[in-house]
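Asker: Sequence:
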Amino acid sequence: MNKPAVETVEGSAETVTDTTTESTATEGTSTTTETETPATTTDDKMFEEPLVKPGDEVLVPTMLLNLLERTWFYDAPNGKPIGALSSQVIDTTGEVVDGFDGGEWVQVYTWKGKAWIHVAIQ
Numbered sequence: 001m002n003k004p005a006v007e008t009v010e011g012s013a014e015t016v017t018d019t020t021t022e023s024t025a026t027e028g029t030s031t032t033t034e035t036e037t038p039a040t041t042t043d044d045k046m047f048e049e050p051l052v053k054p055g056d057e058v059l060v061p062t063m064l065l066n067l068l069e070r071t072w073f074y075d076a077p078n079g080k081p082i083g084a085l086s087s088q089v090i091d092t093t094g095e096v097v098d099g100f101d102g103g104e105w106v107q108v109y110t111w112k113g114k115a116w117i118h119v120a121i122q
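Note that the sequence shown ends on residue 122 in our numbering; no numbers are left out.
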């Protein structure tokens, strides 16, 4: 059975003991009233529903690529370049195609939509 990728968060609130003293004075008499609120703990949830519901977990995480220098991305494997990415860590779609030169073409997410990056196998 697969464990969820994210666990739900539940919170609790605690009321601190509060002591108040009230004094009232009238001619010739003095009255002092003390009230104390006991400490209580409630198990109320901070959220109405879980943030992650059953079935929402990631079954197979996709590969991350760490780009170490400016890298061109293409419209298709061996296609035309449509942009470049600077050094960063990017997420892939999980699609990989073998290249004719021994490298691989990996499909990634960009601001222009899905694109392909050539990765040399070392």
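Just so you know, the hints here were simulated from the structure itself, not pulled from any lab data. Note that the structure is a prediction, hence the values are computed from the model and not measured. One should not assume that every hint holds.
Computed cross-link-like contacts, DSBU-like style, restricted to lysine-lysine with a CA-CA straight-line distance of at most 35 Å [claimed, not checked]:
# : residue 1 : residue 2
1 : Lys80     : Lys112
2 : Lys53     : Lys114
3 : Lys114    : Lys80
4 : Lys112    : Lys53
Asker: If a hint holds in the structure, say so; if it doesn't, say that too.
Answerer: A quick look at each hint next to the structure:
1. Lys80 with Lys112: The hint holds at about 14 Å.
2. Lys53 with Lys114: 28 Å, holds
3. Lys114 with Lys80: 14 Å, holds
4. Lys112 with Lys53: 30 Å, holds
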